[in-house]
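Starting from the structure of chain A, add chains B and C where the hints point.
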Amino acid sequence: MLKYLLRRVSATIVVLTLISMSVFLIFDVLPMDPARLTCGKACTPTVVEANRHRLGLDVPVQVQYGRWVKGLFVGRTYGEGQAEIKCSAPAFGYSFNRHECVTDLLKEAFPVTLSLALGAFILWLLVGVSLGIVAARFKNRWPDRVSNVFVLVGTSLPTFISGILILLFVALKFGFVNPIDLGKWHNPFTDPIGWFNTFIFPWITLALAYAATYTRFTRSNVIETSSEDYIRTARAKGLSEKVILRKHTLRAALAPIVTIAGLDFAGLLGGAIISEGIFNLPGLGRLSLRAVLIDYDLPVIVATTMLAAIFVVVMNLVVDILYAYIDPRVRVA
Amino acid sequence: MSAFLEVKNLTVSFPTEDGLVQASNDISFSVDRGETLAVVGESGSGKSVTSLAVMGLHNRKATNISGSAVLNLETGPVDVISAPEEQVRRLRGKAMSMIFQDPMSALHPYYSIGDQLSEAWRLYNDGDKKAGFKRATEMLELVGIPDASKRVKEFPHQFSGGMRQRVMIAMALINNPSLLIADEPTTALDVTVQSQILKLLKDMQKEFNMAVILITHDLGVVAEVADRVNVMYAGKIVEQGGADNIYYRPDHPYTIGLLNSIPRVDQLDGKRLIAIPGQPPSLINLPQGCSFRSRCTFADQVAGNLCATVSPTLDEKDSAHFSRCHLTEKQLVAARGGK
Amino acid sequence: MTEPILKVTGLKKHFPVSTGGAFSKKKGVVKAVDGVDLEVFPGQTIGLVGESGCGKTTVGRTVLKLYEPTDGTIEFNGEDITKLTPRQMKPRRAQMQMIFQDPFASLNPRQTVGTLIGNTFDIQGITPEGGKVEEIQRLMKRVGLNPEHINRYPHEFSGGQRQRIGVARAIALKPKLIVADEPVSALDVSIQAQVVNLLEDLQEEFNLSYLFVAHDLSVVQHISDRVVVMYLGKVMEDADKKDLFLNPRHPYTKALLSAVPVPDPKIGRARERIILQGDLPSPVNPPAGCVFNTRCWKAQDKCRTEVPELLTINTGHKLACHFPEPASV
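In the order they appear, the protein sequences are chains A, B and C.
Heads up: the first sequence begins at 1071 in the working numbering, then just goes up one per residue.
Heads up: the second sequence begins at 2 in the working numbering, then just goes up one per residue.
Heads up: the third sequence begins at 355 in the working numbering, then just goes up one per residue.
Next comes chain A alone, as it looks inside the complex:
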């Protein structure tokens, strides 16, 4: 097991390195020139050059990369002379647009995204899996048919529609949310009610889409597992249907969900762009969207991309380890 872990961790590090290099290369190859884009009104070639130097783009891409990596570990100083700014480790860069260390921007945005992702995750797991189990147990009877409708709606309705519908016709209409406060961040430890208010409708929007898929997946897994030989053995042993469902059927049927859920969650951690947009949440999604569409803020773009990649890759590892814990057949590696 230890050998397996070591192998996986080193593979993870290699993947992260490759991803970060690729991101740098991609942005180096892109025709847009951040130096020009961010130079503002008084834009002469000298100003552009100075800008380029300021942004650290006047050195070859591998040097840029090297500096960036170094910054991750020891922090970095941006600008020169009086305009010098120090960002402490891990330094993901400096946003000249917003005059802040990117790391600080990330630190602000991440809790928002985390709250959104975590809440939605728990909600969709509870709803999706429970509904799937019910649908499987009452296969072809009315609970199954009702859940089928739910699945259909959830998977067909894109979040930008469901989100807006929920916002307009539920949240605002019934006065659950004050439009001025839409998306306002409340610290969950100091103002839990405010926090809940901000996130409840985005949670419902996101969970609706994901829960539908999980219902369908759980249903088919439970049905398939129920016809396995080892379930027949459990019945022949004299175990009650309740125990069989809980200990035998579900354990086997839900194991694959661990993998999928982990990766879905990791994907959301990088920023739920649409939901954050609709509900005005200042999370990583909004951050990266603004950096790409409005500011062309390269350091922020690089940082959010990398962060999203880190979450996915690390979660991949976590999920694999979890799965090996659940399914002993996988441990042989």
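Do not rely on the hints blindly, as some may be mistaken.
As the list claims (entries may be wrong) - List time: in silico EDC-like cross-link candidates among lysine to aspartate or glutamate, alpha-carbon distance up to 16 angstroms:
1) Lys95(B) <-> Glu75(B)
2) Lys608(C) <-> Glu75(B)
3) Lys596(C) <-> Asp270(B)
Unchecked claim - Distance ranges between label pairs, derived from CB positions:
4) Val1216(A) <-> Val487(C): 23 to 31 angstroms
5) Ser372(C) <-> Asn126(B): 27 to 35 angstroms
6) Lys1254(A) <-> Glu155(B): 38 to 46 angstroms
7) Leu1076(A) <-> Glu357(C): 43 to 51 angstroms
8) Arg446(C) <-> Val1384(A): 51 to 59 angstroms
9) Asn639(C) <-> Ser1158(A): 19 to 27 angstroms
10) Val661(C) <-> Leu1076(A): 52 to 60 angstroms
11) Asp476(C) <-> Ser283(B): 44 to 52 angstroms
12) Lys154(B) <-> Lys1209(A): 31 to 39 angstroms
13) Pro288(B) <-> Pro1228(A): 35 to 43 angstroms
The set of hints was computed from the structure by calculation and includes no laboratory data.
Even for Gly, the Cβ is constructed at its ideal location relative to N, Cα and C.
Chains B and C only, in chain A's frame:
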């Protein structure tokens, strides 16, 4: 004195989209402790369906079951067919156990052998996990698994097919059942392993003084282990009797046909096999009269076209030897080749 | 003296086992077939028997070049086909066909019987005399199927009938050799005899040779002229049918025979059974010396270190054992 298991007029059918599948009809037999009854038949004969009914493993909502299957327990007789489901459930794994054909898929892949055995024991005995594992280890030793105390913590995928079947047997016997039903227990195993498992079953039967029902299609296996035999075809028992009678004086064209059509390792004369023509009938539209008629080479010997119109009853042709056939004893002797 | 239609010498087929994953490494080798000699003469049936993992199915497939051999030579019809490419093999395949075990999985469910059998002609670019459809229907009749069912799909037939389709497909091009891989194991007992008889009749009619791969010794005994017993990739004993069954010299053969149940209660009860201890060793890690030594009741030091060669002990009776059982005749 009644036998441990007495089955009377057991009939099982399933309503399906294509029609009513008459899986088994009017089955009656009994098995006592220390006895081995073999149920022989091919696919669609109803041999498994009957046993599943005895174990109460059919979904009552989706199956029509009538008749009775009485277990004569020390605490009194219980009819599995009419008793409430909860009561029947508490007999499974305790008074009666069943092992199935494919040992590779019969164990839960995520739980250790010890966990699964222990679960079976703790269902009917007071004891903690440690006690359960101890009992599990004892059973593994009993069924001949080497290094039991180490292997009890291992997982099913770490065991070979033969070993897994031994584990299944251990699990079935862990609560000292009085009836063991083995449904094709060795069909998926190599022949040398089959030998081991059959011997194990015989030894265990003696050890626990159990009634054993062995379901199989292999007439060689039946000859080795059975005291009595039920030959089934198209959902009915067509012949029933002691093993010697069935093999040396078969009283049904199907049994005769089967015995003539199987090659034997000890018969090297190269004589051509006499195959039974045709195919088994569909259980949805059973023909009128005798279900075997379309494949029977002796049907035309019966006067008045009886085989086509009247379904024969299971009659006693010899002592404790029954057959469902219109042919007379004389005609059957001739059909056998005059023995 | 006729020449064998198939001659196999020192055949080996090893499958590599890797760790899997992105950085996969070779972990070992499964020696499925590890040095097998075989000869099949025209009109003869060689029964290839053994238990799971013995390599008999792999031999059957390698001989037809469905797998490329790792070592050894395969001579078919007097020609060395060992190193032939798939393209070069194609025209020769008309002469060597296969019947598969699973009548449900070996027929494409989306093709009609006519297409399934007709494909064999199309692939070889042959148009039979008298027309393709007529020939297909003739073949169907010959194997006991109703020629009017030529446009039906596999799922409309029973297991036994599907196997007959497989047989029709195999004999369509009038091959010289058919490798039958467990052709009756998946069939009901009362149907097995029908298919066995069909195979025997066809053999007589077309002077076919069969390499009959099976684990059921009763069927093998009935249909074979010679029997080859395999264990963990190697040949243990190779003899004339009567010789092998009446006078087995290899301990494994003896154990195997004693394990086969006989449909006769008196014999069944009286028989002395040799019960082999232990499990089949893994083919990735076969035992050193004689592969059977871990389960052999007479194994001695020599057996654990020296691999016994396949030697001829009697006319036509080959054996790989350091301490053969005494002759009983």
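Cross-check of the supplied hints:
Between Lys95(B) and Glu75(B) the alpha-carbon distance is near 13 angstroms, which keeps this suggested pair within the 16 angstroms criterion. At most 16 angstroms may separate the alpha-carbon atoms for a hinted pair to count; Lys608(C) and Glu75(B) exceed this at roughly 46 angstroms. Between Lys596(C) and Asp270(B) the alpha-carbon distance is near 9 angstroms, which keeps this suggested pair within the 16 angstroms criterion. At about 53 angstroms, the CB distance of Val1216(A) to Val487(C) disagrees with the hint of 23 to 31 angstroms.
For the hinted restraint 27 to 35 angstroms between Ser372(C) and Asn126(B), the CB-CB distance of approximately 46 angstroms leaves it violated. A C-beta distance of roughly 56 angstroms is found between Lys1254(A) and Glu155(B), which places it outside the suggested range of 38 to 46 angstroms. Checked against the given bound of 43 to 51 angstroms, the beta carbons of Leu1076(A) and Glu357(C), roughly 60 angstroms apart, lie outside it. A C-beta distance of roughly 56 angstroms is found between Arg446(C) and Val1384(A), which places it inside the suggested range of 51 to 59 angstroms.
Hint check: Asn639(C) to Ser1158(A), Cβ distance near 56 angstroms, so the stated range 19 to 27 angstroms is violated. Taken as a hint, the range 52 to 60 angstroms is violated for the pair Val661(C) and Leu1076(A), whose Cβ atoms sit roughly 39 angstroms apart. For the pair Asp476(C) and Ser283(B), the beta carbons lie near 35 angstroms from each other, so the given range of 44 to 52 angstroms is not met. About 37 angstroms separates the C-beta atoms of Lys154(B) and Lys1209(A), a value consistent with the hinted range of 31 to 39 angstroms.
Checked against the hint of 35 to 43 angstroms, the pair Pro288(B) and Pro1228(A) fails, with Cβ atoms roughly 59 angstroms apart.
In summary, the structure is inconsistent with hints 2, 4, 5, 6, 7, 9, 10, 11, 13 from the numbered list given earlier, while agreeing with the others.
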